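*Asks:* Given chain R's structure and the hints, the job is docking chain V with the ligand onto it.
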Amino acid sequence: MSLETRVTEIIIDKLGVKPEQVTMEAQFDTDLGADSIDQYELIMGFEDAFGLRIDEDEATKLTTVGKVVEYLKNKDLDN
Amino acid sequence: MNRIAVVTGAARGIGYSISRKLVSSGWSVAGCDVLEDDLMAASGKLGDAFSPWILDVTDEDAVKDVSGRIEKELGSVFGLVNNAGITRDGLIMRMKKSDWDIVLNVNLTGAFLMCRAFSRLMLRQKEGSIVNISSVVALLGAAGQANYVSTKAGLIGLTRALSREFAARNIRVNAIAPGFIETEMTRELSKEVREDYASRVPVKRMGQPENIADAVHFLLNDVSSYITGIVLPVDGGLTT
Ligand SMILES: NC(=O)c1ccc[n+]([C@@H]2O[C@H](COP(=O)([O-])OP(=O)(O)OC[C@H]3O[C@@H](n4cnc5c(N)ncnc54)[C@H](O)[C@@H]3O)[C@@H](O)[C@H]2O)c1
Numbered sequence: 001m002s003l004e005t006r007v008t009e010i011i012i013d014k015l016g017v018k019p020e021q022v023t024m025e026a027q028f029d030t031d032l033g034a035d036s037i038d039q040y041e042l043i044m045g046f047e048d049a050f051g052l053r054i055d056e057d058e059a060t061k062l063t064t065v066g067k068v069v070e071y072l073k074n075k076d077l078d079n
Numbered sequence: 001m002n003r004i005a006v007v008t009g010a011a012r013g014i015g016y017s018i019s020r021k022l023v024s025s026g027w028s029v030a031g032c033d034v035l036e037d038d039l040m041a042a043s044g045k046l047g048d049a050f051s052p053w054i055l056d057v058t059d060e061d062a063v064k065d066v067s068g069r070i071e072k073e074l075g076s077v078f079g080l081v082n083n084a085g086i087t088r089d090g091l092i093m094r095m096k097k098s099d100w101d102i103v104l105n106v107n108l109t110g111a112f113l114m115c116r117a118f119s120r121l122m123l124r125q126k127e128g129s130i131v132n133i134s135s136v137v138a139l140l141g142a143a144g145q146a147n148y149v150s151t152k153a154g155l156i157g158l159t160r161a162l163s164r165e166f167a168a169r170n171i172r173v174n175a176i177a178p179g180f181i182e183t184e185m186t187r188e189l190s191k192e193v194r195e196d197y198a199s200r201v202p203v204k205r206m207g208q209p210e211n212i213a214d215a216v217h218f219l220l221n222d223v224s225s226y227i228t229g230i231v232l233p234v235d236g237g238l239t240t
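Those sequence lines, one after another, are chains R and V.
1 is the number of the first residue of the first sequence in this note's numbering; add one for each residue after it.
1 is the number of the first residue of the second sequence in this note's numbering; add one for each residue after it.
Chain R on its own, in the form it takes in the complex:
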């Protein structure tokens, strides 16, 4: 499964949005309706799924789906 697909599935699961809403440009707050605590939980979801720890400074910059994918790509995940 591609990284994009895995990220998209986590977002659909956590935010209860439709697959077609989850574009790479989609903003978590304005486009996907996530409040600050939803976004915090999303980050935790990515941490659990990809087995890494995202520190607070970086987490606050991950405001769109594409930014998350980009961030994870650069992390050189082994799974």
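I should point out that these hints are in silico values taken from the structure, not numbers from a laboratory.
Take these hints with a grain of salt, some might be off.
[Said to hold, decoys possible] Chain V residues, not near chain R, derived (Cβ > 12 Å throughout):
(1) 97
(2) 101
(3) 142
(4) 234
[To be verified] Cβ pair distances, simulated, as ranges:
(5) V:64 - R:24: 45 to 53 Å
(6) R:53 - V:195: 51 to 59 Å
(7) V:194 - R:33: 53 to 61 Å
(8) V:36 - R:77: 41 to 49 Å
Model, not experiment: these values are computed from the prediction.
Glycine included, each C-beta is placed from N, C-alpha and C at the ideal position.
*Replies:* This is chain V with the ligand only, laid out in the frame that chain R set:
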């Protein structure tokens, strides 16, 4: 069901009583305190369901470290009781800034650090209950306790803010406001002062630590599942 709760200031007084109540109701308790001897004595009396953790709640790194170790050794923490508290009384004209700072650090910042550490874990498991031990003085005021009263009122603010942050996440946050309770803290007062206090309580006696422990047990458990963000006075009618 064997649930785990963390209790600060668990070595003696109200915190010890809370721990005893929870252990006797089938909970596992991680008791945190700075008083090593008293904590070990408590551990001896309460048995294996009580684990002693030497922790200064004002120490940010230690809170982070101990919360991680508690989770690792005991499992998912469901309950957190912020009970550790100190006083440094004096009229404001004579109150040293150091007395202001230390009371704020222990009573309020300590609770903040514990809530921060454990709410992350509770959010992950999608359940939890936090109880902050405030005081009736937060509602009534008290001369000579500007520092202490400010922290106890601050705990009510912290409680209300967090109850809103977590309400939709199945994590409840409540406060208890004890009245005059007989413990080491109040035993330092003279007999006259204590009798004067007792005479002003509508039920005409001081409360026992067990009265607070019972209220904590109620707020931690699912029987109170529709209650969040409240301040529950346990004070013999003092604030009515
Ligand atoms: N006794 C009362 O009448 C009364 C009334 C209202 C509220 N309260 C509150 O109830 C709580 C317990 O009071 P108590 O009467 O049992 O007092 P206590 O002094 O007997 O117990 C307080 C405990 O907190 C611990 N503690 C202090 N600083 C700490 C720190 N930095 N880190 C970890 N532990 C620390 C102490 O070692 C002690 O074991 C306090 O928050 C107090 O403000 C008490």
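*Asks:* Let me make sure I understand: some of the numbered hints might not hold for this structure. Which ones are they, in numerical order?
*Replies:* Structure breaks hint 5 only.
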